[in-house]
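Those protein sequence lines, which keep their order, are chains H and C. Quick note on numbering: the first sequence equals residues 1 to 326 in the working numbering. Quick note on numbering: the second sequence equals residues 327 to 492 in the working numbering.
In case anyone wonders, no lab produced these hints; they're calculated from the structure. Model, not experiment: these values are computed from the prediction. Worth double-checking, as some hints may not be accurate.
As the list claims (entries may be wrong) - Which residues of chain H face chain C? A few of them, derived with a C-beta cut under 10 Å, are: (1) Ala16; (2) Leu101; (3) Asn103; (4) Ala217; (5) Lys227; (6) Gly246; (7) Thr253; (8) Arg254.
To be verified - Negatives, chain H to chain C, calculated, CB over 12 Å: (9) Asp5; (10) Asp35; (11) Pro87; (12) Gln100; (13) Arg144; (14) Arg192; (15) Ser233; (16) Gly278; (17) Ala284.
Idealized CB from N, CA, C, for every residue including glycine.
Listed below are the residues making up each chain.
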Amino acid sequence: MRPFDYQRAERFEHAAQLVGEDGTRLLAGGTNLIDLMKLQVETPQTLVDIGRLSLGTIAEEGDGLRIGALATNTATAVDPRVRRDYPVLARAILAGATQQLRNKATTAGNLCQRTRCYNFTNIDQPCNKREPGSGCGAIKGIARLHAVLGTSDQCIATYPGDMAVALAALDARVEISGERRSRSVRLRDFHRLPGDTPWRDNVLDAGEVITAVTLPAPVGGIQLYRKVRERSSYAFALVSVAAVIGIEENRFTRADLAFGGLAHKPWHDPRLAELLVGSEPSLALFDKAADLLLEDARGYGENDFKIPLARRTLAAVLCEATGVEP
Amino acid sequence: MAISINGQDYPLPADPRTSLLDFLRREAGLTGTKKGCDHGQCGACTVLVGGVRINSCLSLAVTHEGDEVTTIEGLGTLAAPGAMQAAFVAHDGFQCGYCTPGQICSATAMLQEIAAGWPSDATEDLDAAPALTDAEIRERMSGNLCRCGAYPNIVAAIRDVAGAEA
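Throw the hints in and build the complete structure from the sequences for me.
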């Protein structure tokens, strides 16, 4: 690990002031950042420890729920309100990582974990995300876990988190505090596609700090998180589907779907809800939804299987939610 | 400016790069906690901080000022082993033993998590008290790898302690 200057932020304003400086990174749970520092992928000059700031509260706000930036993944997943009103979020968190990691990992840290692949984490390999202009070692290389939607010729890495996929289905918002202004963005717009700037995983500008994630009023319905992976625990998703489904009189009244493992960000396609809502559930309809979802999908050899896998996983989730026989 | 480990205070390291794991082994001389992958994937370094299990390899020691850390040495001694330690011996919950301190720390915290009603990925009903099935134990212990494959006996040891506590 490269040497760095360690500072503990005693107040939020202190952290916010420091994070605007070049070479400074905020340290929360550290489960991704410290790992990447050991690999010399991340080499901050200054590490600002914000772990003791009071940003971990989970509280009702309006009709919804506000999850503080430093609430641990465990605290969120075990919260009785989350389990009752937003079960897809509890399920997604519990499907990720291990208990040891979830005990340390925080809400904001989880959102800011790097979108990455094994070329990004290996400094001997080319990677446009880690070293702009060095090339992509995954395109035409080992690309089993890589993206099939929203890729660019610069980067085909996938956002590896589960929590954010559920937050995308729930249409959560990310509250951001900056030097000049505070703003809030939809989680669906928080992470970025790689385009020509694959080193930018999300829309945070220099000096901006996430303060909370807010959930809208509970919508009930059937909430599912299905994660397909290569072993039954502690593995990234090959494909995951978060679903918040409403059905009345055998027609969809709600079909909020988000996907993990397919893209550089949690994938949400508003056309799916437009197609499904008002229609009667059927296998033919689910197939049409998959056609829309995967219209522009592109495999890179080793990950070609993700395209039919996403189709089948979507159908399986919709069958489970609606009772249609698979 | 100290970290409490098994009830004894140790001064913080001078180098902020020192992981809690390296601090325990090199500076506190407590070599029971093991370094496996050093990247949070194997669980050999699992310790309890304020009773909560974490990977000590992915945590900087300087961030633990004032924290109370419990390692395998804090869970019992040769003369007076803790319940989980005794159960691992009784059930042959290991072969080479390298992952064992992490397994035992993890299992100790896991039973407290179940008692507190925390669900896991294997829990069918998020609102009900989790049952102590083999599937639950295996899922909850999935952050601790054992290359010797002693898993069936690890599960048996944990069930034994849980049964005694129930």
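Okay, the hints, checked on the actual structure:
1. Ala16: 19 Å, violated
2. Leu101: 6 Å, holds
3. Asn103: OK, holds: Asn103 of chain H within 10 Å of chain C, min 5 Å.
4. Ala217: 19 Å, violated
5. Lys227: 9 Å, holds
6. Gly246: 19 Å, violated
7. Thr253: At about 23 Å, which exceeds the 10 Å cut-off, the nearest Cβ of chain C leaves the hint on Thr253 of chain H violated.
8. Arg254: With a minimum Cβ separation of about 20 Å from chain C (threshold 10 Å), the hint on Arg254 of chain H is violated.
9. Asp5: Given that some Cβ of chain C is not farther than 12 Å from that of Asp5 of chain H, nearest at about 8 Å, it is violated.
10. Asp35: Non-interface label fails for Asp35 of chain H: nearest chain C Cβ at 5 Å, not farther than 12 Å.
11. Pro87: Label violated. Min Cβ-Cβ 6 Å, cutoff 12 Å.
12. Gln100: 5 Å, violated
13. Arg144: 18 Å, holds
14. Arg192: 26 Å, holds
15. Ser233: The claim breaks: Ser233 of chain H does not keep its Cβ more than 12 Å from every Cβ of chain C (closest is about 4 Å).
16. Gly278: Per Cβ check, Gly278 of chain H is outside 12 Å of chain C; nearest 30 Å; holds.
17. Ala284: 31 Å, holds
Taken one by one, the earlier hints fail for this structure at numbers 1, 4, 6, 7, 8, 9, 10, 11, 12, 15, listed in ascending order.
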